[in-house]
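Visitor: The residues making up each chain are set out below.
Number of protein chains: 2
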Amino acid sequence: MLPASVERLVAELARLPGIGPRSAQRLAFHLMKAAPERSHALAAALVEMRDTLRPCSLCFNFSEAELCTICADPRRDSSVICAVEEPAGILPIEATHEFRGRYHVLGGALSPIDGVDVDDLRIAELVRRVDVGEVTEVVVATNPTMSGEATALYLADLLRERVRVTRLASGLPVGADLEHADELTVGRALMGRREI
Amino acid sequence: MLPASVERLVAELARLPGIGPRSAQRLAFHLMKAAPERSHALAAALVEMRDTLRPCSLCFNFSEAELCTICADPRRDSSVICAVEEPAGILPIEATHEFRGRYHVLGGALSPIDGVDVDDLRIAELVRRVDVGEVTEVVVATNPTMSGEATALYLADLLRERVRVTRLASGLPVGADLEHADELTVGRALMGRREI
Numbered sequence: 000m001l002p003a004s005v006e007r008l009v010a011e012l013a014r015l016p017g018i019g020p021r022s023a024q025r026l027a028f029h030l031m032k033a034a035p036e037r038s039h040a041l042a043a044a045l046v047e048m049r050d051t052l053r054p055c056s057l058c059f060n061f062s063e064a065e066l067c068t069i070c071a072d073p074r075r076d077s078s079v080i081c082a083v084e085e086p087a088g089i090l091p092i093e094a095t096h097e098f099r100g101r102y103h104v105l106g107g108a109l110s111p112i113d114g115v116d117v118d119d120l121r122i123a124e125l126v127r128r129v130d131v132g133e134v135t136e137v138v139v140a141t142n143p144t145m146s147g148e149a150t151a152l153y154l155a156d157l158l159r160e161r162v163r164v165t166r167l168a169s170g171l172p173v174g175a176d177l178e179h180a181d182e183l184t185v186g187r188a189l190m191g192r193r194e195i
Numbered sequence: 000m001l002p003a004s005v006e007r008l009v010a011e012l013a014r015l016p017g018i019g020p021r022s023a024q025r026l027a028f029h030l031m032k033a034a035p036e037r038s039h040a041l042a043a044a045l046v047e048m049r050d051t052l053r054p055c056s057l058c059f060n061f062s063e064a065e066l067c068t069i070c071a072d073p074r075r076d077s078s079v080i081c082a083v084e085e086p087a088g089i090l091p092i093e094a095t096h097e098f099r100g101r102y103h104v105l106g107g108a109l110s111p112i113d114g115v116d117v118d119d120l121r122i123a124e125l126v127r128r129v130d131v132g133e134v135t136e137v138v139v140a141t142n143p144t145m146s147g148e149a150t151a152l153y154l155a156d157l158l159r160e161r162v163r164v165t166r167l168a169s170g171l172p173v174g175a176d177l178e179h180a181d182e183l184t185v186g187r188a189l190m191g192r193r194e195i
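As they're listed, the protein sequences go chains B and S. Those letters in the first sequence? Residues 0 to 195, by numbering that gives the first Met the number 0. Those letters in the second sequence? Residues 0 to 195, by numbering that gives the first Met the number 0.
Because the hints were derived from the structure by calculation, they are not lab data. A portion of the hints provided could be inaccurate.
The list cannot tell twin chains apart, which means a pair is met if one copy fits it or any two copies do.
[Unchecked claim] Calculated pairs, DMTMM-like style, for lysine to aspartate or glutamate (alpha carbon to alpha carbon, straight line, at most 25 Å): (1) K32 - D156; (2) K32 - D116; (3) K32 - E11; (4) K32 - E182; (5) K32 - E148; (6) K32 - D118; (7) K32 - D50; (8) K32 - E93; (9) K32 - D119; (10) K32 - E65; (11) K32 - E136; (12) K32 - D130; (13) K32 - D76.
Just chain B, same shape as in the assembly (with noise of 0.2 Å):
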């Protein structure tokens, strides 16, 4: 009944994550209304995101140069490196402004379950930086969930060695997601790291 061009822009908002069939319906029905510029910009927007960004091709962060603007800030402490599952772990505790270290982007947790092994994080790199650099703390900062937890344990055994390897400190409630919590909780838990 929709026009099919409707039919399949519908069909692709409604792919977004907590964007039911309706929501969708109501975007795609906004965007027919609003000015043809509106749409226009945003499909620029989402190619321009898509051609432009690459992995930093050192800390593995979303990046429109070689190295993303974290590594490529010499004002950044080289010494201290947090782990983070995901990219966008990386906002929350930037946007605390206490740390002035630099990251890296495991690309995930640990989880045999899912097939996700040690080979298909970003964990070699992340020992390679610590051997080759004056790398003195790893603040690992992946989910307090299970397989976040898993993944903080192996690499404590993997770095102790090396290097002091700290854990966010668990304010935030267990099965919860860094990416959604609040600035004040990932700042107190930041302040409140551990050794492993």
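With chain B fixed as given, assemble chain S onto it according to the hints.
Guide: Only chain S this time, still in chain B's reference frame:
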């Protein structure tokens, strides 16, 4: 701190209704993590929708051809026209499967305070359809709001001499939006429509 291309995408997403800055950021991160095809497909759907859609030359519903699928369908009853404010109002009425007539999209509702006058709506076009066709009834399905009611009364005064003018039974709470009503309520309102 986020790459410029991501900031732009977040800004465009946050312009959509019901999507705040935080949801926009979550959606952007989802799209960065998902396969590039997802962003490209969404971008293509947006552009295609905007570039292929135009108003139906008869009823002003969104259409991919000269006539929309409803106006082009010979099985629809041409003697009954349902006047809605926006194309989005057609969907909930179609969903009831109670209406076999055709539609007319007014393009809004009379609201002198907002500068929406008779000439700003497609009222002349509706009168022309009534004059030339075999129309016997106009069902006014404007929203049960102040401006929707004002539009319904204006249309009734204008058309009463020529055709039967009816109004969806108000089962919807006043102030609500036709677009967001459930099918049962809209169906009941359609069945109980009354002469204005």
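Visitor: Run through the hints listed earlier and report the numbers of any the structure violates, in increasing order.
Guide: 1, 11, 12 and 13
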